[in-house]
Amino acid sequence: MDRGEASDGAIVRAVLAGDVERYAELVRKYRDRYARFAARMLGSSDAAEDAIQDAFVRAYDQLAQCNEPDKFVGWFFLILRNRCFAERRKSKDRISLDAAQAIEAVERTDRDMETAERRRTLQLALLELTPEQREVFVLKHIEGMSYGEIAERLGTSVPSLKMRMHRAYDRLREQLRDRT
Amino acid sequence: MNYRLAMLAMLALVPAALAGQSIDERLGARVPRETAALVRELAARAAARGLPADPIVQKAIEGSVKAVTADRVAGALREVLAQLELSAAALRGAGMDPPDTIIVAAGAFAINAGLDASQVRELAGAGPATGAAVTLRVAGTLAALGVPAAEVVQLVATALGAGQAPADLLALPAQVQAAVARGETPAQAAVGLARAAAALGRRGPPPTRPTPPPRPQRP
Amino acid sequence: MRHEDRGFHPDVKRLLDGELRGGLDDLAPALREEAQEALRLLAEVDPTAPVVSDALEARVMAAVRAKRGRRRELVVRLRPWMLAPALAAAAVLVLLVGRVLQAPTAQAPAVASLTVRFVLVAPDAQRVSVAGTFNQWDPSATPLVRTAEAGVWAATLTLPAGEHQYAFVVDGDQWVADPAAPAIPDGFGGGRRNSVLTL
Chain D
127 MDRGEASDGA
137 IVRAVLAGDV
147 ERYAELVRKY
157 RDRYARFAAR
167 MLGSSDAAED
177 AIQDAFVRAY
187 DQLAQCNEPD
197 KFVGWFFLIL
207 RNRCFAERRK
217 SKDRISLDAA
227 QAIEAVERTD
237 RDMETAERRR
247 TLQLALLELT
257 PEQREVFVLK
267 HIEGMSYGEI
277 AERLGTSVPS
287 LKMRMHRAYD
297 RLREQLRDRT
Chain H
2 MNYRLAMLAM
12 LALVPAALAG
22 QSIDERLGAR
32 VPRETAALVR
42 ELAARAAARG
52 LPADPIVQKA
62 IEGSVKAVTA
72 DRVAGALREV
82 LAQLELSAAA
92 LRGAGMDPPD
102 TIIVAAGAFA
112 INAGLDASQV
122 RELAGAGPAT
132 GAAVTLRVAG
142 TLAALGVPAA
152 EVVQLVATAL
162 GAGQAPADLL
172 ALPAQVQAAV
182 ARGETPAQAA
192 VGLARAAAAL
202 GRRGPPPTRP
212 TPPPRPQRP
Chain P
229 MRHEDRGFHP
239 DVKRLLDGEL
249 RGGLDDLAPA
259 LREEAQEALR
269 LLAEVDPTAP
279 VVSDALEARV
289 MAAVRAKRGR
299 RRELVVRLRP
309 WMLAPALAAA
319 AVLVLLVGRV
329 LQAPTAQAPA
339 VASLTVRFVL
349 VAPDAQRVSV
359 AGTFNQWDPS
369 ATPLVRTAEA
379 GVWAATLTLP
389 AGEHQYAFVV
399 DGDQWVADPA
409 APAIPDGFGG
419 GRRNSVLTL
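Residue numbers (my numbering), protein chains in the order written: chain D, 127 to 306; chain H, 2 to 220; chain P, 229 to 427.
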């Protein structure tokens with residue numbers, strides 16, 4: 127705010143007051159923030175981009191219901207998260223196909239084929255978890271959040287997160303054993 | 002699967018006024034020919050597997066009214082059938098064999114709203130079998146309000162365990178909405194309601210139902 | 229847990245959680261191999277972030293501009309409505325009329341029906357209807373009428389018990405999900421949602 131940039135709260139209030147074009151500032155600012163989270167949850171960057179786009183549109187629809195406009199990004203994350211959870215309704219075959227497309231993109235740029243293969247295996251195994259299990263794993267081990275931070279973000283308790291995570295560890299172990 | 006039994010079960014699901022109508026009559030002239038053909042094919046598959054066909058027909062009608070392209074309608078119809086199959090599998094896992102088509106439809110709704118098959122199985126077994134459809138509809142509605150699936154299961158299972166009848170669960174979505182209007186997240190609202198339900202319950206949690214061993218898959 | 233023999237040891241899980249200050253050294257020697265396996269698993273995460281295309285902003289803003297005026301006012305106006313004590317934050321009022329609800333079974337379809345009032349705040353609309361599973365998604369079957377309150381449209385229906393999906397249709401072609409009701413994607417892609425009413 128000292129830098130002369132508008133705060134998120136100010137932008138939200140401006141949009142609600144009628145200055146719709148300013149919503150683009152929020153989109154620009156946060157479009158990359160959760161791209162990796164969405165990609166790991168959904169298994170492909172295409173699906174992630176669709177989810178982020180849908181989430182921004184839905185956030186706009188519900189903007190009046192954002193109780194703390196200065197914390198827009200945390201509220202937006204929950205909308206994106208719901209959208210990622212909703213995505214799992216696609217059939218398993220389609221998810222595997224999208225994952226394969228993502229893998230090709232990785233293999234083109236990554237010279238170490240073995241690393242690419244291992245990452246692919248883990249990503250496919252992640253897609254076999256429930257969304258709740260996958261989410262806690264991605265937030266802690268890919269996004270680097272602590273259990274306390276995740277609990278606060280999701281409005282749940284640390285013990286229930288740990289329970290979910292420990293089940294995720296076991297299921298990943300099973301999956302990886304079956305695949306190697 | 003006894004085809005006649007499946008037809009009777011389907012008719013019980015379809016509103017009485019429409020029970021006499023064929024699928025083509027219900028689709029009418031609005032639905033393009035290729036979509037109508039796909040609906041007939043998927044509905045026949047559903048009936049053969051003891052699944053309700055009405056959700057498929059409804060989705061086709063919805064797609065044509067919303068002027069959705071044929072390929073997207075086709076994708077949605079296949080997804081409805083996949084959800085019905087997944088729901089039926091989950092219900093068989095809860096010991097219902099064959100599962101009532103009304104409960105299958107309710108389970109598919111819950112899956113569409115974001116629950117996974119194991120959660121459907123758990124909730125179907127958590128209360129009396131005759132109340133399973135209501136239980137699953139409420140669970141799906143809570144998920145559609147933004148309550149994460151794990152918290153949905155916790156709330157519904159706790160309420161049933163505290164002695165509430167499935168019909169009593171119907172008030173839960175409105176209670177979650179009221180809490181959200183006060184500024185809670187859906188997850189917080191659900192956890193709070195679960196605590197309240199547990200506190201009010203006189204009987205305490207029911208003894209764990211043994212899960213029957215998984216049945217061999219039908220060909 | 230059924231799969232206990234196939235899962236990691238609890239201490240190995242604590243290691244993965246980052247709770248063992250001494251790391252591997254804090255583990256019993258018998259667990260070291262399992263711990264190595266677990267750590268290898270963690271090392272296989274892909275830390276790269278995908279590049280989001282520049283076109284995303286344009287697509288979002290195109291969708292947002294298409295909703296301008298009508299949609300936005302609708303959402304903002306709903307808030308005072310939501311605070312009215314009797315209404316419990318829902319744009320749909322369920323008036324319980326008639327008998328106690330019975331869960332349907334295959335032999336006995338639901339015996340109760342309930343009267344439901346659909347309400348939408350849409351000051352700029354010329355006409356509003358509600359379409360859903362209860363009227364074969366026919367936008368002309370159930371028009372809403374203007375109420376005494378400015379910009380508020382309403383209709384009352386008697387519906388059987390069960391799960392119903394619906395959306396409002398504004399001016400014949402704008403599909404609007406009920407802003408304060410539970411919502412699920414309509415399954416056709418494109419971000420459209422249906423509202424859910426569970427009786």
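Read the hints as simulated data drawn from the structure, not as lab findings.
One or more of the hints may lead you astray.
What the hints assert, rightly or not - Below, simulated DSS-like cross-link-like pairs (lysine-lysine); rule was C-alpha separation at most 27 Å, straight line:
id, chain 1, residue 1, chain 2, residue 2
1, D, Lys197, D, Lys155
2, D, Lys288, D, Lys197
3, D, Lys288, P, Lys295
4, P, Lys241, D, Lys155
5, P, Lys241, D, Lys197
Unmet hints by their number, sorted upward, for this structure: Violated hints: 3, 4, 5; rest satisfied.
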